[in-house]
Structure formats: structure tokens, C-alpha cells
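Visitor: Please arrange chain B on chain A, whose structure you already have, making use of the hints.
Just so you know, the protein sequences line up as chains A and B, in that order. Throughout the first sequence, residue numbering follows my numbering, covering 1 to 485 in sequence. Throughout the second sequence, residue numbering follows my numbering, covering 1 to 485 in sequence.
Don't take each hint at face value.
Chain copies aren't distinguished; within one or between two, either way the pair holds.
Unchecked claim - Here are the simulated lysine-lysine pairs, BS3-like style, with alpha carbons at most 30 Å apart: (1) Lys156 - Lys417; (2) Lys417 - Lys448; (3) Lys367 - Lys28; (4) Lys417 - Lys447; (5) Lys418 - Lys28; (6) Lys28 - Lys338; (7) Lys45 - Lys28; (8) Lys448 - Lys156; (9) Lys156 - Lys447; (10) Lys338 - Lys111; (11) Lys256 - Lys338; (12) Lys28 - Lys417.
Simulated from the structure, these hints should not be mistaken for lab results.
Here is how the chains run, residue by residue.
2 protein chains.
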Amino acid sequence: MRKYIRDLSPIFEPKSVALIGASNSPMKYGWIILANILANGYKGKIYPINPREEKIWDLKVYRSISDVPEELDLVDISRPAEMVPEHIEECVENNVKSAIVISGGFKETGKEGEELEKQIVRIAHKGGMLLVGPNTMGIYSASASLSALMPPIMPKPGEISLISQSGNIGTNLLAFGSEQGIGFSKFVSSGNEADISTLDYLEYFAEDPSSKVILLYIEGLREGRKFVDAVKRIKEKKPVITYKAAVSRAGAGAAKSHCGTLAGSTKIYEAAIKQSGAIRSSTINGMLDLAVAFLYLPLPRGNRVGIVTWGGGYGVVASDSCELAGLEVPPLPQETIKQIDQLLPSYWSRGNPVDLVGYIDREVQPKTLEEVIKVENIDAVIASGFILGKTIGSSIYKLFGKEDEDSEKTWAESTTKKIVEVLRNLVDKYHKPIVTVTLTTDPQILKKVLENRVPAYSTLETAAEVLAKMYEYQKYLKKEEEHNI
Amino acid sequence: MRKYIRDLSPIFEPKSVALIGASNSPMKYGWIILANILANGYKGKIYPINPREEKIWDLKVYRSISDVPEELDLVDISRPAEMVPEHIEECVENNVKSAIVISGGFKETGKEGEELEKQIVRIAHKGGMLLVGPNTMGIYSASASLSALMPPIMPKPGEISLISQSGNIGTNLLAFGSEQGIGFSKFVSSGNEADISTLDYLEYFAEDPSSKVILLYIEGLREGRKFVDAVKRIKEKKPVITYKAAVSRAGAGAAKSHCGTLAGSTKIYEAAIKQSGAIRSSTINGMLDLAVAFLYLPLPRGNRVGIVTWGGGYGVVASDSCELAGLEVPPLPQETIKQIDQLLPSYWSRGNPVDLVGYIDREVQPKTLEEVIKVENIDAVIASGFILGKTIGSSIYKLFGKEDEDSEKTWAESTTKKIVEVLRNLVDKYHKPIVTVTLTTDPQILKKVLENRVPAYSTLETAAEVLAKMYEYQKYLKKEEEHNI
Chain A
1 MRKYIRDLSP IFEPKSVALI GASNSPMKYG WIILANILAN GYKGKIYPIN
51 PREEKIWDLK VYRSISDVPE ELDLVDISRP AEMVPEHIEE CVENNVKSAI
101 VISGGFKETG KEGEELEKQI VRIAHKGGML LVGPNTMGIY SASASLSALM
151 PPIMPKPGEI SLISQSGNIG TNLLAFGSEQ GIGFSKFVSS GNEADISTLD
201 YLEYFAEDPS SKVILLYIEG LREGRKFVDA VKRIKEKKPV ITYKAAVSRA
251 GAGAAKSHCG TLAGSTKIYE AAIKQSGAIR SSTINGMLDL AVAFLYLPLP
301 RGNRVGIVTW GGGYGVVASD SCELAGLEVP PLPQETIKQI DQLLPSYWSR
351 GNPVDLVGYI DREVQPKTLE EVIKVENIDA VIASGFILGK TIGSSIYKLF
401 GKEDEDSEKT WAESTTKKIV EVLRNLVDKY HKPIVTVTLT TDPQILKKVL
451 ENRVPAYSTL ETAAEVLAKM YEYQKYLKKE EEHNI
Chain B
1 MRKYIRDLSP IFEPKSVALI GASNSPMKYG WIILANILAN GYKGKIYPIN
51 PREEKIWDLK VYRSISDVPE ELDLVDISRP AEMVPEHIEE CVENNVKSAI
101 VISGGFKETG KEGEELEKQI VRIAHKGGML LVGPNTMGIY SASASLSALM
151 PPIMPKPGEI SLISQSGNIG TNLLAFGSEQ GIGFSKFVSS GNEADISTLD
201 YLEYFAEDPS SKVILLYIEG LREGRKFVDA VKRIKEKKPV ITYKAAVSRA
251 GAGAAKSHCG TLAGSTKIYE AAIKQSGAIR SSTINGMLDL AVAFLYLPLP
301 RGNRVGIVTW GGGYGVVASD SCELAGLEVP PLPQETIKQI DQLLPSYWSR
351 GNPVDLVGYI DREVQPKTLE EVIKVENIDA VIASGFILGK TIGSSIYKLF
401 GKEDEDSEKT WAESTTKKIV EVLRNLVDKY HKPIVTVTLT TDPQILKKVL
451 ENRVPAYSTL ETAAEVLAKM YEYQKYLKKE EEHNI
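Here chain A stands alone, though its shape is the one from the complex (with noise of 0.2 Å):
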């Protein structure tokens, strides 16, 4: 085990930010960057450094980091790879604890790069300062409000962290989180990893409180028996969820000229992953499907899937999928079909899946799903059909006429609202998980849903792979917890 781990709260809970290379040019960086910082509100002093310019928006700009009247906590470097020596050189010198260096041009474009990447690793290092970097797409903090980030991105704050060996994807899974209501609290894009590595951010998040699920996108691991350890130990924790990139020959190739650090055996790091118990995710977006399911649901104790549609097909491929996924659809017991023949007209499909059959009455619909969630064993629900989108109900208050007054917004909105909120509270009143699959792709209602922390799919596929994740997580956990006794 571990004993060390690097404080990182200067990067992460910084009272003070520079920027070297601060531009009144919108074309570059150093300008997006610290609209970044401003537009998403960070509480701290700003000191945008370059001797060519006076003043940015409002801001006094800085000669160079000698000039700045306080110790810093956290500078970002944007400037040519060639230049970040000397910069980090005079970061030292003012003891600076922490820099991000946005800038690329390192170990990631040859011999040369490598060669400047660990001298400004040797300066740093001599000042005891941190490094996130370089060739880094910067970092987010919910509870510092700081966007120190290359592109122009207003996170939604929230208890998800993110390490990413990718900027890109790492930050448009933040986009793409935003778009859909999911929040969250540190992001990381960790970059060619010179000083600090994805482990340290690791080890870092999970004493983090409000880190409360760690999303890993990796493509390539340095240290590969420390991380099997850490991930081992954080999972009691906390679910740490990953996806392994660069698995096939063309992948790991794309990668050692991507990011300079991670060229080597893809089989040694898929190893290592597999024996972590770290949870996988089969696709990147789907890394976000997990990590709300993880958040907002109570894990299911067993694998037995209750399955409640608004129609026949749905409850077909929702078996297949439970099945292919390692689940079970268990019969329901004579009580519960008795209870559901006086909520349900007699067509009803009398089984699990239970099919609504198209009944209409959105009353019924939470009863029929009480019945099912409450059976003894039953261990978890897919409830598909419930949340519907504007499409639907617009076009039936389109046929009312009652565009202006009831309008799709009650219908979409406020019978949404009713539908969710009996998710929620059947979800606490029987500490099971409902993963929901919805009729609708729109984002509007999606995040909705979410921010009522019902975690909703657009497909059943995905709502039975979120379910058998979460129970192999429960199992092992379980195994833990006999392994301690």
C-alpha cells in the first residue's frame, strides 16, 4: 500500500491563479483560457501575465510573475514548448506551488521534446513544485469555481471527478455531461504526465469528500502494480470507473504519437486493469451512464431483474439484454400477478416482463411498478416507458388545440415531473435501484430526470449492462467485507 500521496490542493483549491501568455487575441489560448477562468466564476485573484499588453477586459496584466504582488498557488503556461523553461524557471524562483502547462511539443513529437520535457520536470522538481502536464488541456474544480481549461466549457458542478489521459475526450465528456445534467466536482486532463500521474490524481480524489465517484480514461499506464493496489483499495470506498483505450495494435500506435509516455505493452496494462476490479465501461459516453447510476441508486443486492414496460417489445429485448448481461428475469409470485390483474385490463402479459400493454392511465403505471419492485425477490427494476418526450407530447396537445394554455410544457414537463418523483421515492422506500429507459433523446427532459437524480437511458441495452456492472460491484464488495470478518 501507498503510504504518500501528493497534496494536490493547489492545483485543485488554488486562492491564487496566473496565466503566462494572457492574450487579448481570441485566436489563442492564452486568451480562451482565461475567459474560461472568468466566465465560470472563480472566487480567487487572477494575474494574467505578458509584457505586451497592458490590460485584458478589466484586468491589469502582469510583466512577468516577479511583478505579482503574492505567492501563487497555481500558474498556467501556454506559450511555445521552447520558452516553458525559462518560465517555470521564474516560477520557482517566486515560489510557485503548482503549474499547468497547457503548452504540447514534449516527449509527445520525439527526442527533442523529451529532452526539454525533463529539464522543466528538473526545475520544478528543485522548487518542489507541482506539474500537471504538459501537453495538458488544463483542469476544472467545482469548489474553487475554476475552469482552467483549453476549451470553452461551463461544466455543471457535481460530485463526479474525471482524470482523462485524452483533453479532448475528457473535456467532451464534460460537455457532454453539462448537456445532460450530469455534474461534476475535480476534472484532470493529465497530459504526457511528466511529473504527476494518473495515480497521484487518483490517490488524490479518493480521500477527496466530495468526489463521490472517479471516472479513469486511460490509454496507457506507468505504474501498473501501484495502480492494481490503489484502484483495490479506493473501490471499498468509492466505484472507480474506466475505459481502456488503445487496446488494438492501431489504437496503442495512435497513442505513443499522442501522448509521449505511454508507448509499451498493451497486454501488461489490460492485466492490470482486469485484476484492479476497477469497473469497465464498454463505451467512453457510457463511462457517464455508470457513473450516475453509481451516484444516485442504491446497489442491487442480487441479480434479479423485475422489467415493466409500456409494451411487449420492450420487455422482449429488455430480457434479452438482462440476460446477455449476466441477469436473471425471474417469475413473479401468484400474489403479485393477483395485485397487477386489478390494476391492469385482463391482456396484460400476467409475468415478468410486466407489459402496461399501452394502458394509459399514467396512475396505474407507478402502482403496477410498486407491485414489482416490492416482490421479495426482486432485486432491481427496468422501468421503460415512463418518461416520454416532447415529440409525443406535443403532438397530443398539438390534437387537443390547447397549444397555448396546457401546451407541451405540462405535459412534458410536469407529468414528467409527477413520473420522476415516484421513481425517486420507490427507489427510497424499497433501497433498490430503477434504472429508467426513456421514449425520448432530448437532452431538455433528459436533464431533467437527472437533476431528480433518476438516472435515465435512451436505450434498454444500456439500462441492463448499467445493472450488471453495479451488481459485480456489489459482489465484490460483499467478498471484501467476508474477506475482512
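Guide: Relative to chain A, chain B alone:
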């Protein structure tokens, strides 16, 4: 080979429609279906039938089919199962050409229902009347502007036709598609298939010039051998894309209770579909992803993919996805690398995948893309990061402080519009497919992109899968061609 194709034009091109069970109560399907027919602008004559109503909206209501003053092409029946035989009888007596039996309560509910179902088929056949269903959610026809559907959906007219053995899954695909700008030519929820079978619809759509791509959601098949022959034959003219449900024990069990006709061995259906060479989608919504690619793009001549992304991570995952899907990512010729050297900063990846290294200049992106697509040994291109979401676009403009004049509209719509035009032009110029991966899930943007005939997906995995299936189809056609020489 099947010689006789049933003429289903009374169903899909009716000059007149009657609705038995038309109602003034919005909680009844007899109301919703009528509302759907009106709302979608059906141009033929509409006759609501109900002995207890005088008027529904402005429409005169008739007591029975016998009272209707003209011979009817199509009658829609939304009445309790036990009433259906006498309505069918009445239709036959009045020379009605076809009927859609919405009602459930037939074969799918057991022995008694099965008898009832046999009875209505006997009566219909006696009068030479075509029968859709029973237990169907209805049909849609763009050419007739007819949406005789149970759920309130406004499908977008287009060139994709869909046959679904689940009403919910089928109509939901229409709704999803419409949200995303995907248009449909014809749709049928085939229900219990007491009279007209999946095979009949398939052969009719095969001959229909407005159906350019055919989608099939299948739970089971009655005529396996004939189905194989039909798909083999049709595939030479147009792509047939299938999703096969009920592949697991649990799924097959659910299918049996949901759709009476489809009990039997899963393995036989599996073999039949495999043998037919139909294009198979691994997810339900994936059928739409494939459909737009087959509709809008030329087939790749080989499996060699050029990858152009806005960041290295995308290149890694795209390479992984290609290799795992059986596609190659070949190196670029020196000449091409030299050309791109003149476009991108020196630290670009200098190989395939091409990493645009976050270069902001939106003029350079399409130029780089053209250098890649024109390469002799590149058959298709995956372009990632060209289409941005509003989150990113609007943030930039918020930062610019130009929200009112230039606003998100300018960025998201007109920049995207230009890029989409470029992508489309490159496809047409080089006769090679480009599949696009967006940085957004916003359906408003995706809709605009698709309406400009540019297939765009939200994941790299999907893009690679789509190209792999197109390549497979191209190989099939080539083999058939050689076979026929």
C-alpha cells in the same frame, strides 16, 4: 423465388379511410388515432364510425360501414376483440379492401383469442380483404400523408421504411427518428400477422420506389426459407437492415406472451437471418444509425479508413474501434504528409490518424480532410470534432460578450452549416463515405446536420461499426456481381 407479391396499396395508398370505434373521448384510441390521421394531414376522405356519436370535431360520424356512401380502401378497427368479427363481416359485405385491427386480445392471450383470430382471418379471406394485425399499433405512409397510429406521433416524411413486430419499438423508432431529422416512407406494426406477414410487407416495400432502405425489427419468423430467399433477392436492390430480438431464453419467453405467432426455436430464426445476409444492427436504435449511412453515403470500395480528429484521444479510440470492427487504418503516403505539414502546426501527428491538434482555424480543417480523402488507398473517412454543440459554441460567444448580435445561433448554426456543406461536397466529389462524430448530443443540431444528408453520430464506436457494415454490404454486392457474370 416467390412469384406473387401481394398488392398492399389499399393499406398504404388509400383514397378513403373509415375508423370503427371513433370517439370523442381523448382517453380512447378511437380518439387518438383519428386525431393522428387529422393532425398528419391525410388528404383522402375520412369516415368516423360510431352509432352513439353525431360529430367528432367537424366530421360527420356514421352509424356503420354500411352507411358510408362510397367503397372504402381501408378501415381501422379499434373495438373490443369480441366485437371485431362482426365488424370484419360488415367490411366484407361492403367490399372494403383492407382493414387494420388495432385491438388486442387475440392469439397473444391464449386458446380463446386464437380461435377469434382464426375467425376474423376466415371472414376477411372470404371477401378478399387484406388484414393488418390484429394487436397492431397501425401504419404510416408518407405518400398518403396517413398516420393511422396508436401513439400520437408526427413522423417526418422520408425514404426509410420500417416493418416492426413490436408496435412500441416501431413507433418509438419513428419518434426517435423524427427528433433526429430522420424521415420515413412507410411503416407498419405487423402485430400478430394473422393475415399479412413480415415477408409480405418486405416484398411490397422492396418494389416500392419511395422505400430506399428497409428496416426490420424481428422477434420471430413463420416462413424462414422464403424469408432468406426474399432478403437475398432484395439486398441486390436495396439494403435490408435487421434487429433480431428474442435471442435469449428470457427474451423468447417474453416474445411468446406478447405476440402469438412467434413461438418456436430461436436458433432456426437466427440461422435464417444469418443466411439471408441481411445487415444486422447490434442495437435497436443502431438501425437508424445504419439507415442514414446507407441512405446518404456511397459504399466504401475497401476497408481502409482515414481518421481525422480534433484531438489525439479521439484518434486512439477511432483506431481501436476500426480495428475491432475489422477495418484497417493504413499509413498515409509521404506526399500527403508533406501537404498536411503546410496546413497544420509542426507538432501534428504526421500520420493516420490525423490529429488536428486542437487547431482552431476552421478553414484548415476541411482542407486537411480533403488531403486525406483524396488518398488512393483510403476508402472511407471518420471525421471527429467538426460538428460542435451549443454548449461550446454559446460559451465562446458568452465570453466574447457578443451574445445579442452574433449569438449562439451564428456559431452553432452557420459555422456548423458551412462545415456540413463541406463534408457533403467532399463525399460527392470523391465518391467515398465520410462518417462524422459530433461533439454534441443536441438533437436540434443533429437534426440540421442529418437534414443536409450528413450522417453524424455521437460515438466513434458507432461510426466504425457503420463503416464496417457498409463495407460488408459492398463485399456482398461485389461477390453477387462476380457470381452473375
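Visitor: None of the hints should be skipped; say for each whether it holds.
Guide: Against the structure, the hints:
no. : hint            : in the structure
1   : Lys156 - Lys417 : both (21 Å within a copy, 28 Å between copies)
2   : Lys417 - Lys448 : both (8 Å within a copy, 29 Å between copies)
3   : Lys367 - Lys28  : between (57 Å within a copy, 21 Å between copies)
4   : Lys417 - Lys447 : both (12 Å within a copy, 26 Å between copies)
5   : Lys418 - Lys28  : between (47 Å within a copy, 22 Å between copies)
6   : Lys28 - Lys338  : between (68 Å within a copy, 25 Å between copies)
7   : Lys45 - Lys28   : within (22 Å within a copy, 63 Å between copies)
8   : Lys448 - Lys156 : both (13 Å within a copy, 26 Å between copies)
9   : Lys156 - Lys447 : both (11 Å within a copy, 25 Å between copies)
10  : Lys338 - Lys111 : between (74 Å within a copy, 21 Å between copies)
11  : Lys256 - Lys338 : between (62 Å within a copy, 21 Å between copies)
12  : Lys28 - Lys417  : between (43 Å within a copy, 24 Å between copies)
The structure shown violates none of the earlier numbered hints.
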